[in-house]
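2 protein chains.
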Amino acid sequence: MKLALLFGGASYEHEISIVSAITVKGKLKGFDLSFIFCDQDHRFYLVDASKMKATTFSRGEHLKMPQIFLTNGGFEQRGLFGSKMHTMPILNIIHGGDGEDGSIAALFDFYGISFIGPRKEASMFSFDKHYTKWLANSLGVKTLPFEAITQDKRNAIATPYPFIVKPSRLGSSIGVSIVREPSELEYALDVGFEFDEVLLIEPFISGVKEYNLAGFSARGEITYSIVEEPQKAEFLDFEKKYLDFSRSSTVAEASISEALVKQLQNAFKTIYSPLFEGALIRCDFFEIEGEVYLNEVNPIPGSMANYLFEDFNGSITKLLGALPTKKEIRVQYDYIHSISCAKGK
Amino acid sequence: MKLALLFGGASYEHEISIVSAITVKGKLKGFDLSFIFCDQDHRFYLVDASKMKATTFSRGEHLKMPQIFLTNGGFEQRGLFGSKMHTMPILNIIHGGDGEDGSIAALFDFYGISFIGPRKEASMFSFDKHYTKWLANSLGVKTLPFEAITQDKRNAIATPYPFIVKPSRLGSSIGVSIVREPSELEYALDVGFEFDEVLLIEPFISGVKEYNLAGFSARGEITYSIVEEPQKAEFLDFEKKYLDFSRSSTVAEASISEALVKQLQNAFKTIYSPLFEGALIRCDFFEIEGEVYLNEVNPIPGSMANYLFEDFNGSITKLLGALPTKKEIRVQYDYIHSISCAKGK
Numbered sequence: 001m002k003l004a005l006l007f008g009g010a011s012y013e014h015e016i017s018i019v020s021a022i023t024v025k026g027k028l029k030g031f032d033l034s035f036i037f038c039d040q041d042h043r044f045y046l047v048d049a050s051k052m053k054a055t056t057f058s059r060g061e062h063l064k065m066p067q068i069f070l071t072n073g074g075f076e077q078r079g080l081f082g083s084k085m086h087t088m089p090i091l092n093i094i095h096g097g098d099g100e101d102g103s104i105a106a107l108f109d110f111y112g113i114s115f116i117g118p119r120k121e122a123s124m125f126s127f128d129k130h131y132t133k134w135l136a137n138s139l140g141v142k143t144l145p146f147e148a149i150t151q152d153k154r155n156a157i158a159t160p161y162p163f164i165v166k167p168s169r170l171g172s173s174i175g176v177s178i179v180r181e182p183s184e185l186e187y188a189l190d191v192g193f194e195f196d197e198v199l200l201i202e203p204f205i206s207g208v209k210e211y212n213l214a215g216f217s218a219r220g221e222i223t224y225s226i227v228e229e230p231q232k233a234e235f236l237d238f239e240k241k242y243l244d245f246s247r248s249s250t251v252a253e254a255s256i257s258e259a260l261v262k263q264l265q266n267a268f269k270t271i272y273s274p275l276f277e278g279a280l281i282r283c284d285f286f287e288i289e290g291e292v293y294l295n296e297v298n299p300i301p302g303s304m305a306n307y308l309f310e311d312f313n314g315s316i317t318k319l320l321g322a323l324p325t326k327k328e329i330r331v332q333y334d335y336i337h338s339i340s341c342a343k344g345k
Numbered sequence: 001m002k003l004a005l006l007f008g009g010a011s012y013e014h015e016i017s018i019v020s021a022i023t024v025k026g027k028l029k030g031f032d033l034s035f036i037f038c039d040q041d042h043r044f045y046l047v048d049a050s051k052m053k054a055t056t057f058s059r060g061e062h063l064k065m066p067q068i069f070l071t072n073g074g075f076e077q078r079g080l081f082g083s084k085m086h087t088m089p090i091l092n093i094i095h096g097g098d099g100e101d102g103s104i105a106a107l108f109d110f111y112g113i114s115f116i117g118p119r120k121e122a123s124m125f126s127f128d129k130h131y132t133k134w135l136a137n138s139l140g141v142k143t144l145p146f147e148a149i150t151q152d153k154r155n156a157i158a159t160p161y162p163f164i165v166k167p168s169r170l171g172s173s174i175g176v177s178i179v180r181e182p183s184e185l186e187y188a189l190d191v192g193f194e195f196d197e198v199l200l201i202e203p204f205i206s207g208v209k210e211y212n213l214a215g216f217s218a219r220g221e222i223t224y225s226i227v228e229e230p231q232k233a234e235f236l237d238f239e240k241k242y243l244d245f246s247r248s249s250t251v252a253e254a255s256i257s258e259a260l261v262k263q264l265q266n267a268f269k270t271i272y273s274p275l276f277e278g279a280l281i282r283c284d285f286f287e288i289e290g291e292v293y294l295n296e297v298n299p300i301p302g303s304m305a306n307y308l309f310e311d312f313n314g315s316i317t318k319l320l321g322a323l324p325t326k327k328e329i330r331v332q333y334d335y336i337h338s339i340s341c342a343k344g345k
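Going line by line, the protein sequences match chains A and B. So for the first sequence, the numbering used here puts the first residue at 1; every next one is plus one. So for the second sequence, the numbering used here puts the first residue at 1; every next one is plus one.
Isolated chain A (complex conformation) (with noise of 0.2 Å):
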């Protein structure tokens, strides 16, 4: 079965979508895999596998290598003597911007490129933390109580102490910081707005239990990955988060009752479908006095959550055999010929 997995982007998680891919291609068995690296200026490459190493592209080594370009159906690589056509399914594992605020997919989805990875919509409600509580409330999916503030909002912020700060659109805790008291704003909003626009004031609630799951939908039917107790810090930040992304080894199953994860699953479920159809993505919840809240979701977690799945490779490609397909559009010009012969031309 032939699959390309896609990673790199301009998004400061440019690093860590190498690294996923690393480890994904090492999960994947069985599989006639291609690696197409997209650059910092949206170059598309296609990598041969002996080179699939980090330092490959720190170095620029990718510069050498086959360049490809978006078109109608797949990528094509053109040579001295025509060209040449790629044209497999697609594994999106650019994190972060380009591959979760929805271009990539816009783009797949545009010309007609079958991939695994969050839709346009499904992106946007993802990528920024703000729009993912909209969609929750709607779905009547609980969510933590929150203020978006702006740079001009930064006084006037309402939430008691302690309180969590973080840029609405960054994933991987980059520019997130816990807020104790009074002395530790001012620097916490100045990283924050390094990152975006628009910050995310929550409740800190010390000690609240952290559940993940991830899973997809294939032919109406959701597979679900066991439910994981994140490793315990306060948060992670970026640098462990980073050795994250390269897990590859099966987690243990959190030890919870078996009503807990039914109301994971549920949650999981009113949250992914339809919208996240063609994903395979991982939501991450907590759990306060008894009540599943949605904390965000991942539309392409760090190596696909891999070690979440008892049989990842069988996963994979029973998602890529399902995905959905755009309804297509044709136009009958009735309009235009009916105000033509009107004029009589």
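Just so you know, the hints here were simulated from the structure itself, not pulled from any lab data. Careful: at least some of the hints might be erroneous.
It does not matter which identical chain is meant; a pair holds if it fits inside one copy or across any two.
As the list claims (entries may be wrong) - In silico EDC-like cross-links for lysine to aspartate or glutamate, where the CA-CA straight-line distance does not exceed 20 Å: (1) LYS2 to ASP32; (2) LYS326 to ASP39; (3) LYS326 to ASP41; (4) LYS153 to GLU181; (5) LYS326 to GLU194; (6) LYS25 to ASP190.
Guided by the hints, dock chain B onto chain A, whose structure is given.
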């Protein structure tokens, strides 16, 4: 000043986009204009000014014109002896799918092409009327109450008669019905579901006042059009709207109080900034008992709402000179370097 009009697209509004582009061509003076047609298969063609008439496209004559290809920085025209780049800014006049759903915005942003039109996020919030309401309400702008229904909820409508049924994601009144009594419901739902999986149900308020206001922001200042009270039919059906898309003569200003104009402008500004930067949009409002309600946002209004601007030419020039650019992200490979160093290679 160079500018290319982009029109067509794989959309139910393909034909009215052609009409719109022809109308805008007639209204712009002193520009060095080009014309780019996007056909229903997502191929782009460079159209000679002399061929800018509706029948060119319904007869397929564009197939004989030079095909151009999206690439970094612009459109590439390939020839036997090398290729030529077209790098002028674009005025996106693709109504409906492709143009207004964020696809074109994502493509142009990705390839670093300067354009007039809604950006990805703005597109999503205006394309789906359901999301427009979330946006407006979060900003404190009133909208009519609504229900969003899918096929399985068609028998569970709670809104009292009479009500309006409309596809959540289409403009130009396609698939819209007024339902006055139960006997009319089935047909209206069937028509609506032909075009979208989600329908909005809104109360139909007879005799409500409607006002349209267009505008755009350039260098932090909003230019407003005059306020129009649109032609009074119960609502505009597709054929009437179709003719509407070829409007080119300036309309009469609505005779309303200064205070109401101010109210409409304030609501416009709240919706516009900063989400719609880069676009010339038209907001359609209702006035009910002295209060202003947002009906919908047209981020690419028919014929660019030229008939609402005293100086349409000057307006496009002003907007063109102040288009937003995407923040560039440079990757330093710090993490990969530090990991490689730690590994000693």
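**Asked** Is it within, between, both or neither when you check LYS25 against ASP190 at 20 Å Cα-Cα?
**Response** neither (38 Å within a copy, 47 Å between copies)
**Item:** Alpha-carbon proximity between LYS326 and ASP41, which holds within one copy, between copies, both or neither at 20 Å
**Value:** between (28 Å within a copy, 12 Å between copies)
**Request:** Tell me, please, which holds for LYS2 and ASP32 at an alpha-carbon limit of 20 Å: within, between, both or neither?
**Result:** Intra 5 Å, inter 46 Å, cutoff 20 Å: intra-copy only.
**Message:** When Cα atoms must be at most 20 Å apart, do LYS153 and GLU181 count as within-copy, between-copy, both, or neither?
**Reply:** within (18 Å within a copy, 49 Å between copies)
**Message:** Reference check for the pair LYS326 and ASP39, CA-CA at most 20 Å: within, between, both, or neither?
**Reply:** between (27 Å within a copy, 16 Å between copies)
**Message:** As a check of your reading, is LYS326 near GLU194 (CA-CA no more than 20 Å) within one copy, between copies, both or neither?
**Reply:** Between copies, since 15 Å is at most 20 Å while 37 Å is not.
Of the numbered hints listed earlier, the single one contradicted by the structure is hint 6.
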